[in-house]
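Peer 1: Read off the chains here:
Number of protein chains: 4
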Amino acid sequence: MSVLLEFAMFPTDKGDSVSQYVGEVIQMIKESGVSYKLTAMGTIIETETIDEALAIVNKSYKVLEPYSNRVYSSINLDIRKGKSNRLEEKIKSIESKIGKVEH
Amino acid sequence: MSVLLEFAMFPTDKGDSVSQYVGEVIQMIKESGVSYKLTAMGTIIETETIDEALAIVNKSYKVLEPYSNRVYSSINLDIRKGKSNRLEEKIKSIESKIGKVEH
Amino acid sequence: MSVLLEFAMFPTDKGDSVSQYVGEVIQMIKESGVSYKLTAMGTIIETETIDEALAIVNKSYKVLEPYSNRVYSSINLDIRKGKSNRLEEKIKSIESKIGKVEH
Amino acid sequence: MSVLLEFAMFPTDKGDSVSQYVGEVIQMIKESGVSYKLTAMGTIIETETIDEALAIVNKSYKVLEPYSNRVYSSINLDIRKGKSNRLEEKIKSIESKIGKVEH
Numbered sequence: 013m014s015v016l017l018e019f020a021m022f023p024t025d026k027g028d029s030v031s032q033y034v035g036e037v038i039q040m041i042k043e044s045g046v047s048y049k050l051t052a053m054g055t056i057i058e059t060e061t062i063d064e065a066l067a068i069v070n071k072s073y074k075v076l077e078p079y080s081n082r083v084y085s086s087i088n089l090d091i092r093k094g095k096s097n098r099l100e101e102k103i104k105s106i107e108s109k110i111g112k113v114e115h
Numbered sequence: 013m014s015v016l017l018e019f020a021m022f023p024t025d026k027g028d029s030v031s032q033y034v035g036e037v038i039q040m041i042k043e044s045g046v047s048y049k050l051t052a053m054g055t056i057i058e059t060e061t062i063d064e065a066l067a068i069v070n071k072s073y074k075v076l077e078p079y080s081n082r083v084y085s086s087i088n089l090d091i092r093k094g095k096s097n098r099l100e101e102k103i104k105s106i107e108s109k110i111g112k113v114e115h
Numbered sequence: 013m014s015v016l017l018e019f020a021m022f023p024t025d026k027g028d029s030v031s032q033y034v035g036e037v038i039q040m041i042k043e044s045g046v047s048y049k050l051t052a053m054g055t056i057i058e059t060e061t062i063d064e065a066l067a068i069v070n071k072s073y074k075v076l077e078p079y080s081n082r083v084y085s086s087i088n089l090d091i092r093k094g095k096s097n098r099l100e101e102k103i104k105s106i107e108s109k110i111g112k113v114e115h
Numbered sequence: 013m014s015v016l017l018e019f020a021m022f023p024t025d026k027g028d029s030v031s032q033y034v035g036e037v038i039q040m041i042k043e044s045g046v047s048y049k050l051t052a053m054g055t056i057i058e059t060e061t062i063d064e065a066l067a068i069v070n071k072s073y074k075v076l077e078p079y080s081n082r083v084y085s086s087i088n089l090d091i092r093k094g095k096s097n098r099l100e101e102k103i104k105s106i107e108s109k110i111g112k113v114e115h
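Protein chains in written order, with our numbering: chain A, 13 to 115; chain B, 13 to 115; chain C, 13 to 115; chain D, 13 to 115.
Don't read these hints as lab results, they were simulated from the structure.
A few of these clues could be false.
Because identical chains cannot be distinguished in the list, a pair is counted as satisfied if it fits within a single copy or across any two copies.
To be verified - Quick list of in silico lysine-lysine cross-link-like pairs, BS3-like style, CA-CA up to 27 Å:
| hint | residue 1 | residue 2 |
| --- | --- | --- |
| 1 | 26 | 104 |
| 2 | 71 | 26 |
| 3 | 42 | 104 |
| 4 | 95 | 109 |
| 5 | 42 | 26 |
| 6 | 74 | 26 |
| 7 | 95 | 71 |
| 8 | 93 | 71 |
| 9 | 93 | 104 |
| 10 | 26 | 95 |
| 11 | 74 | 112 |
| 12 | 112 | 71 |
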């Protein structure tokens, strides 16, 4: 099974520049060993179970909790049985149909 | 602390009518005892911890897993310290500013 | 055709209480005449075309733009041909399967 | 101004493999000339106005409309005044704080 979870999570009480806090969350994800990709809008992780994916969301909040009174998060899940390595394969599948794309 | 979590979760391999599956998820939420509201676009739950809120998302997937090879979910979290009963209070706060609204 | 669009939109540089700004957006939606429901996590509108639905998102940003240097928005669309009045009907459809629910 | 808009849009009545349809949407975006990045969970575009960004969402639906009775979309917007090229710069800003990341 392939669980793709994409999320953004940020404090909403820290002004318009929050990369310091987001950096701490990404650092935790890097150190966790989970497969991930950083994008301009969030982080995509791939795990084998939904439990592992949601645990990363939970830990991300725990990173931000000491700093902030209010935290917002937007999350998308795409869970598919019988697949793996979709962090790479979904883009390749599109490229096999329409040629090279920016990624 | 008030954790508001709104989510939609549905199989994407079951055609355009999925209310049978969604109904089973809502039934589980009803029986869980968590505070919730059904909307036309998903379900909003309110819990005191992020752990409880993410556990409902996890259980929702477990309801759908036997039926479907592919499940999609969109989730938003609004976590705020020092507040409670925001399922009701956020709408009342808007109404205190601009008068009656549809809800 | 029924276009359901749910969205939250808020400044992220105005501290943890943003109901003043959100109130102005809801006021604009009320006055627009579009079918809508306010929830604890955002606003759901129903229109007959995607053009009308996206125009409300655009106008919402124009309401916030003078106040804020940074605005975040999370939006979900559920577009279905051959249906109408889904702001009410989707909840009724669930209730017809599992009985009364909170909404 | 920098408008980052990330979105996924797909038919929900076409079974579990929808890359054919998603490919047509990406093809339209490629040909549009807008700055974009494909990810495993969607497409991120960057424009100078919200009007241009929402026009791409609108055109994406028009690509899918002939094929599908039901289309779902999840969209996030991050709009920030006084910035540009954030498709690249947001990732670099994180890397300047915590070192190299996967992207």
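Peer 1: Determine for every hint whether it applies to the structure shown.
Peer 2: Quick rundown of the hints versus the structure:
{"no.": "1", "hint": "26 to 104", "verdict": "between (38 Å within a copy, 21 Å between copies)"}
{"no.": "2", "hint": "71 to 26", "verdict": "both (20 Å within a copy, 26 Å between copies)"}
{"no.": "3", "hint": "42 to 104", "verdict": "both (24 Å within a copy, 16 Å between copies)"}
{"no.": "4", "hint": "95 to 109", "verdict": "within (19 Å within a copy, 33 Å between copies)"}
{"no.": "5", "hint": "42 to 26", "verdict": "within (24 Å within a copy, 30 Å between copies)"}
{"no.": "6", "hint": "74 to 26", "verdict": "both (16 Å within a copy, 23 Å between copies)"}
{"no.": "7", "hint": "95 to 71", "verdict": "both (26 Å within a copy, 22 Å between copies)"}
{"no.": "8", "hint": "93 to 71", "verdict": "both (25 Å within a copy, 17 Å between copies)"}
{"no.": "9", "hint": "93 to 104", "verdict": "within (19 Å within a copy, 32 Å between copies)"}
{"no.": "10", "hint": "26 to 95", "verdict": "between (40 Å within a copy, 18 Å between copies)"}
{"no.": "11", "hint": "74 to 112", "verdict": "between (39 Å within a copy, 23 Å between copies)"}
{"no.": "12", "hint": "112 to 71", "verdict": "between (36 Å within a copy, 21 Å between copies)"}
This entry satisfies every hint, going by the numbered hints stated previously.
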